[in-house]
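Residue numbers (our numbering), protein chains in the order written: chain A, 1 to 403; chain F, 1001 to 1361.
Don't read these hints as lab results, they were simulated from the structure.
Idealized CB from N, CA, C, for every residue including glycine.
Do not rely on the hints blindly, as some may be mistaken.
Stated by the list, open to error - To list a few chain A residues with every Cβ distance to chain F over 12 Å, as calculated: (1) G60; (2) Q65; (3) E151; (4) R189; (5) E207; (6) I208; (7) A229; (8) D377; (9) I384.
Stated by the list, open to error - Simulated DEER-style distance windows between Cβ atoms: (10) A222/A / N1171/F: 33 to 41 Å; (11) E149/A / I1317/F: 25 to 33 Å; (12) N1171/F / D319/A: 20 to 28 Å; (13) G309/A / I1148/F: 43 to 51 Å; (14) S103/A / M1278/F: 31 to 39 Å; (15) A222/A / I1148/F: 37 to 45 Å; (16) R9/A / I1317/F: 35 to 43 Å; (17) I1181/F / D102/A: 43 to 51 Å; (18) E149/A / H1186/F: 28 to 36 Å; (19) I32/A / M1278/F: 44 to 52 Å.
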Amino acid sequence: MNRQWVTWRLPLICGMLAIMILFTGCWSRREIEDLGFTIGAAVDIGEETQVEQEFDQQGGDYSRQKALTLTYQMVQPGQSSSISGKGGGGEKKYHNISVTGDSLYEDTREIALMQGHPIFGQHYKVIVISDKVASKFNMRLLFDFFIREQEFRPSCLVLICKGEARAALDQKDKSQFPSMRLLSITNNRYRSSRILPPMTLSKLLPEINSSSSFLLQNVITAEDEVKFAGAALIYGKTGKLIGFLNEEDLESINWMSSKVKGGVLKSYDSRSGKPLLYEITSMKSNIRPHINGNRISFDIQIESDGRLGEQWENGNGFDNRFIRQVEEETVKQARQRIDKMLHKVQKVYRADVIGLDQYVRIYYPRIWEKIKKDWDDMFANATIRYSVKVNIKEFGTTSIKVH
Amino acid sequence: MSEQESLTTHQAVVIVSNYILGVGILTLPRAAAEKVKTPDIWLSIIIGGLIAMLAGLIIVKLSQKFPGMTFYEYSQRIVGKWIGCILNLIVIGYFIAMSSVMLRAMAEVNTLFLLEGTPRWAMIIAFMWVGIYLVIGGLPAITRMFEIIFPITVIIFFMIAVMSLKIFDINNLRPVLGLGIMPVLHGVKTTALSFSGFEIMLLIVASMKKPETAKKAVLVGIAIPVLFYVTTAVMVIGALTVEGVISLSWPTITLIKSFEFPGIFFERYESLLLVIWMMQIFTTFVITHYAAAKGLAQSMKKDMHPFLYVLMPIIYIVAMLPKNINDLFHFSDSVGNLAFVMFVILPIALLGIAKLRGAQV
């Protein structure tokens, strides 16, 4: 019997190995070529595209309300990896496909009727919501699908587009991905303080759950070009968009909440009216809330280091008196902007989008439990004292010297 | 004993740690956040860990009274044949339930995140056969496997933890004890249960080379999962906030999916986490399967191998019982409650009885 085992051993092992190698596989395998890689989505108020209207006429209609139009940006299969020499750059690397309906999930699956490659959302980069949709629907309901579906990445960036959202997913230079461009702009915070720190789906979820007011980066479009322009204001209690802050307001909010990585601040010389430009290299703020009975107040110290970047006025950078003067003008300018912004968020919109609620929660946790429901109203009546300090550390390689 | 089972202290530590680490890595932050509702979850976890250590010490103490014997053997000597037999059956039932919960959780997570089209039975059966291949080798084979898996888990886990610093915000963890200690204590039951696994000391003290070091082994064996769980909770809450975590079914996976490092070749780091998690599920499954079979064998004074095969269909059926994911969570909670009674209260009682009966035992 022992000998028998020895003679059979080799074929047996070979057979086992063959089975292991030949029969190994993945049950849920999907070839990468067969995936419809989707990198962006846009949600608009329901308005059927030309194609859809024709589909409907041909009998492609189904039971739905035309409430929303969902647009997906799909990577053109086989094109994404091709060498750029082939099409000479004129080749479109992506195509956008729109579906109208009242369920975002159904819309997504409807695409499986039109495309060889159904939506594959694991490489999602950006979701753009049109301002009309955001002011009509509660964010919680609107994002339910995107947050729930495990295929979509929570690292996906959320943007608001004033106007038609799908326009933000189109651009003239067809050889690049519009979604990627939107994403890259958020990386430019070291050059501009007018960009909101990226609001991803995973950061959106706690804001929605706690019914707090928050900002979403706003995008505007013109002739296939985009620009980040201020922020949309989402009101906590209703979860809807209630208004916009312009670039300068957004900038002031970023200053206050120390979310600045870089940027410039232009002021005008009070005597000559000529522009002076201060470049921010660092900016810190220190926020301390105080609660006295029913009165809530905040002390905010903003301090910034930077350099004199540009001057349209005669003045000697080597002279500290001139430097002090520029610092004063800059502070004056900053205060004006902040005052304007505070008036807007406290008196006009009455919504705490600066994120001061965090500090009340941290410093007065017990009181916070009682007031968190009405925080936005409390915020509107809170006193906000702030100080701005600007230190010009240097002025670049030259300074205008007038003899 | 036919198998040559003798464990070093290190091996005992690895077995305890591997057994404890399991589903908790993915779900504990939410389970604890639901109860605590403040960012102090990590404190609950530490307190839970301390309670588990205390319970572990009692079990060790009990086992040390009967050198070379497992719980299944000495239970009858403490409380008599019949009650001892019933106790053994309950413990065996617990191990079977635990084993099934692991299998099902593995299947659920896999279906959701990795293998969309693969039927659950296919995953579970493949998992079980690999498991039985290991268990047949007895405790020495299991231990060696655990020793391989453990360092891989540590390395990948802490690598992912460091990566998630990218979206970490310390303000989300403040204030510490803002609402006092009460919320923290609310969560302790949940967190303490997540450390169930130290009960394996009921069996393995008997196989240790130096049973007198078993106390150290159980303390270190629990301290390691405490470190894992605290890190997980701190990273998850720090990135996703308490409000966010409460509504996530698998918060840790969401955390890993929430950041990207452009430029690095691949983006989906959650696959790394799922790999180590699956290995941890495997270790828990294997050791519970072993413990159940060993229990049956020792209660009936027979060889263990046939029982391993007999248990397979039972574990499979129990694993398929929960109808949906909520059922699974509930089932897992009840198993945890059973663990509390069996491995915290019962050992104290047994230890008391054993002390009272003194010389007779």
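A quick look at each hint next to the structure:
With a closest Cβ-Cβ approach of about 27 Å to chain F, G60/A is found to remain outside the 12 Å limit, as its non-interface label requires. With a closest Cβ-Cβ approach of about 27 Å to chain F, Q65/A is found to remain outside the 12 Å limit, as its non-interface label requires. Not every CB of chain F lies more than 12 Å from the CB of E151/A, the least distance being 9 Å, so the non-interface label is violated. Under the 12 Å C-beta cut-off, the non-interface status given to R189/A relative to chain F holds; the minimum distance is some 15 Å.
Interface exclusion of E207/A from chain F breaks down, the closest Cβ pair being 8 Å apart, not more than 12 Å. With a minimum CB-CB distance of about 9 Å to chain F, I208/A fails to clear the 12 Å threshold, and the non-interface call is violated. Listed as outside the interface, A229/A is consistent with that label: its C-beta sits roughly 25 Å from the nearest C-beta of chain F, beyond the 12 Å cut-off. Separation of D377/A from chain F is adequate, the least Cβ-Cβ distance of about 20 Å exceeding the 12 Å criterion.
With a least beta-carbon separation of about 19 Å from chain F, I384/A lies farther than 12 Å from that chain, consistent with its non-interface assignment. With their beta carbons about 38 Å apart, A222/A and N1171/F fall inside the hinted range of 33 to 41 Å. Our hint of 25 to 33 Å for E149/A and I1317/F holds, since their Cβ atoms are close to 32 Å apart. In this structure the supplied range 20 to 28 Å is violated for N1171/F paired with D319/A, their Cβ-Cβ distance being about 42 Å.
About 59 Å separates the C-beta atoms of G309/A and I1148/F, a value inconsistent with the hinted range of 43 to 51 Å. At about 34 Å, the beta-carbon gap between S103/A and M1278/F stays in the expected band of 31 to 39 Å. At roughly 60 Å, the beta carbons of A222/A and I1148/F sit outside the given window of 37 to 45 Å. The hint said 35 to 43 Å for the Cβ distance between R9/A and I1317/F, and at roughly 37 Å that hint holds.
Taken as a hint, the range 43 to 51 Å holds for the pair I1181/F and D102/A, whose Cβ atoms sit roughly 49 Å apart. Taking the beta carbon of each, E149/A and H1186/F are about 32 Å apart, inside 28 to 36 Å as hinted. One distance hint, 44 to 52 Å for the beta-carbon pair I32/A and M1278/F, is violated here, with the actual separation near 23 Å.
Checked against the numbered hints given earlier, this structure breaks hints 3, 5, 6, 12, 13, 15 and 19; the rest are met.
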